[in-house]
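Chains as they are written, first to last, in the working numbering: chain A, 1 to 290; chain B, 291 to 644; chain C, 645 to 921.
Honestly, the hints are just simulated from the structure, not real lab data.
Remember, it's a predicted structure, so these values are computed and weren't measured experimentally.
Careful: at least some of the hints might be erroneous.
DEER-style ranges, computed between Cβ atoms [to be verified]:
hint, chain 1, residue 1, chain 2, residue 2, range
1, A, TYR23, B, GLU564, 54 to 64 Å
2, A, TYR23, B, ALA300, 41 to 51 Å
3, B, SER572, A, PHE200, 50 to 60 Å
Once the Cα atoms are required to be at most 25 Å apart in a straight line, the calculated DSS-like pairs of lysine-lysine come out as [claimed, not checked]:
hint, chain 1, residue 1, chain 2, residue 2
4, C, LYS762, C, LYS820
5, A, LYS137, C, LYS867
6, C, LYS711, C, LYS911
7, C, LYS710, C, LYS867
8, C, LYS801, A, LYS137
9, C, LYS801, C, LYS867
10, A, LYS179, B, LYS338
11, C, LYS761, C, LYS710
12, B, LYS338, B, LYS305
By construction, the Cβ of each residue, glycine as well, lies at the ideal position given by its N, Cα and C atoms.
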Amino acid sequence: MPVLVLPKTSRPAARVHGRTWQYTGVPRWVYLVAAVGALFILLPLAGMVAQVNWGQFGALITSEPSVAALLLSLKTAAASTALCIVFGVPLALLLARAQFFGQRILRALILLPLVVPPVVGGLALLYTFGREGLIGKSLTVVGINIAFSTTAVIMAQTFVALPFLVLSLEGTLRTAGQKYEAVAATLGARPGTVLRRITFPLVLPGLISVAVLSFARCLGEFGATLTFAGSLQGVTRTLPLEIYLQRETDPEAAVALSFLLIAVAVLVVALTYRAPKSPLRALMSPEAAP
Amino acid sequence: MTLEFNATIAARNVKLELTLDAGETLAIMGPNGAGKSSVVQMLAGLLKPDSGSAVLQGRALFSLSPGAQWLPPHERGLGVLAQDPLLFPHLNVLENVAFGPRSQGRGKADSRVSAAHWLQEVDASGLATRLPSQLSGGQAQRVALARALATEPELLLLDEPMAALDVNSAPFLRSLLKRVLAGRSAIIVTHSVLDALLLADRIIVMDGGRIVESGPTAAVLAHPRSAFAASLAGLNVLQGVLESGSLLMRDGGRVAGRLVSAFAEAPQPAGGLEGMAAFAPSAVSVFLAPPQGSPRNCFKVSVGELEPQGEQIRVRAGALSADISPAAAAELGLQPGTEVYFVVKAAEVVLYPA
Amino acid sequence: MTLFNTSIRPRRLRLGAVAAGTAALALSLSGCGPAATAPGAEPNTTGTAAAELSGTLNVYAAASLKKTFTVLANEFEAENPQVKVSLSFDGSSTLVTQITQGAPADVFASADHANMKKLSAAGLAKDSPVDFASNVLTLVVPPDNPANITSFADAAKPGVKLVVCAPQVPCGAATKADAAGAGLTLSPVSEELSVTSVLGKVTSGEADAGLVYVTDATTAGDKVISIPLNLANPTVNQYPIAVISTTKVPELAQGFIALVTGTEGQKVLQNAGFGAP
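Turn these sequences into a full structure, and let the hints steer you where they fit.
Right, here's the structure in full:
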């Protein structure tokens, strides 16, 4: 029986078949407009790289304030990412799986930090955890001061990155679907077992990707940190704050540090796209069932 | 009685009641949207009905209004095999099958021994170390069956287990199922009359969320009462009132036939009995003009569609079908819309009470 | 065409009338009041050409000038109905970067000499810049003064959450110099990137004390208590202003600078806490 085999548009197919031509149905002008879009992102990066004083680069990025800022940034971003995972995974699970009253509103509110300016986020944190803030007042009474501490930096970064992680992971969880979990349950697995042995392994590659991107998001945090945490070398002055400050007196150092930040981000993005192939994706690929 | 089940779901317009004997395999058939899969999901604990109850081996799976008892899926002790094998993609075949025993609290080594045993039962021992992505559809479904059986369920629920398989894999799995279902309590949802015939002891036909017909598979297929069962059995079925060896239809037409032996000797009520007349499409002859002086049944119809049916051409006309040879179809010059006469000998028509 | 009116008008400016126009403006600034705003009524105009300033003037000013320059721009517009003043406030160094990168500024008012020098070095200051105001630092504390600070020395005590500007920005440089002048070693909990951030940390009650300009303290009103530093030689920050050499409306620019440096401008600035240049 003759069968019309339509080319699959999914990525794995294209990969496996290498460079074999396949019909794509993309009009030519799309390439042109897309190229403009790509250039708009790539050109400023090129412009930045062109400004780097390579002769001085090593000295500029190894100055004491630069190293302190870089180390602080890496340290706080790592801590924030860990917090994002600890609190974001359960949140994403609830949003993707559970059914409860107010779920839609909760989702909309949780995603707010994604759309409000980071400075606003910083103010919100200040009015909550600051010395005169909603919760901060009580914390001060028991001797906990968050403002001007590294903790404040981590909170600011977590605040902006958490919604990002929750949103992406919820999407991953929805794609992973509940069918496997239902099958596992009919096989006698308790909800905890299903989570540990089925759900987590299935979304792990997605979780790694989104955690790495959250890390990058934390690394770039500026507005909320500045507003909530302050700026002190080695304590609260992260790399973006240091860049902003260096710009005042030493633009070359600012450019060098900016390049460093971009380099770290590129590394992070590259790592993300090398994340281990999702078993789900393997399942969905047309080669799965020969 | 292994299973007693009744449930209603208003949102899906489902309301039914069914029972299952120990070791019995029940086939649920019916058109799409009839509510067949809802039955499986309710029993598995994946879908909650508005009211009803289910008791398996004297154990309540759920009991709602009155009562509010609901066992979660993992405590029900049922095995489920769906159309999609849904093997856990990150576990290899052996680990997939061992998942059930492990989840039931058995040791790792013990579970693997059990998994290996069930893989052998489905002739899939050689696949133990493969990942699901390396299996064909038929292989995956066999492994999924082994996985469902490895928990040693008291009831096996099969939801169109062969629907996604290609024509080469289905027969193998069907014969495998025939082997494992022997002596097991099972419910199989299927579209295939072959599955029902080979695997099920009893059949239920659902339509619009209700059971419209039920009985031993052979009886339902031989004497279908619903349109769906008739189409399953591949028979022409007419409704009417049984009257002295013939069926009087509502439009006044009369169909002569022979009463099934079980009813032939029974006394017939005066007002007649609601009944059916069934005959195979192959028993129908097609003529352009009405045949003269014959004790045969004759229906004047207009040809609807012509379609291949094995070596024959199936001529559909309203609720009736006739199977004739391609040569005959060509000779008659049949086209959709042609006025023809379907003729069937009384000896070919079976009459039975509804 | 209304959208482009303002950009077309400067080209219609009659050059012959410019001198008279500026004179009229200077007159109006020296306190003649609204009556003098109709240039056509001026007696000294040459010929029939009535001098009327028109067009859009882009003023780039240090963030600390926001309040005063907004007032002055409104006055300038009121006196020259055909003129639209467009204000841009930011940190002085940010503005210098923008102007050297081609931002369409006509006037630049800096919060320090260092940034104005950068502009002059780039050949963008038309004439030599003029100082028009000065500013000194003061200590501010929240109204409830949680750390009981009464002097500059108190703010340097350990345990006090003192917030200052980073040494890289003008107010931070002044802070460093004033601390040295007072013989104090400051141990701030934060070195902010701008003086507004310092003030924000104090008004929100987050910090016990902060070092800001006197003008910032004035702006904050009763949200802070101001404690003078009482230094023998306080660091005085001079505010220079200059016309940008690439301006297409030099008359407007000059006119605005005349307003700022004139009596009226000085009154507005000093009301806001600025010192005389």
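Outcome of the hint check:
no.	hint	in the structure
1	A:TYR23 <-> B:GLU564: 54 to 64 Å	holds (59 Å)
2	A:TYR23 <-> B:ALA300: 41 to 51 Å	holds (48 Å)
3	B:SER572 <-> A:PHE200: 50 to 60 Å	holds (58 Å)
4	C:LYS762 <-> C:LYS820	holds (22 Å)
5	A:LYS137 <-> C:LYS867	holds (19 Å)
6	C:LYS711 <-> C:LYS911	holds (13 Å)
7	C:LYS710 <-> C:LYS867	holds (18 Å)
8	C:LYS801 <-> A:LYS137	holds (23 Å)
9	C:LYS801 <-> C:LYS867	holds (23 Å)
10	A:LYS179 <-> B:LYS338	holds (16 Å)
11	C:LYS761 <-> C:LYS710	holds (22 Å)
12	B:LYS338 <-> B:LYS305	holds (13 Å)
In the structure shown, no violation is registered for any of the earlier numbered hints.
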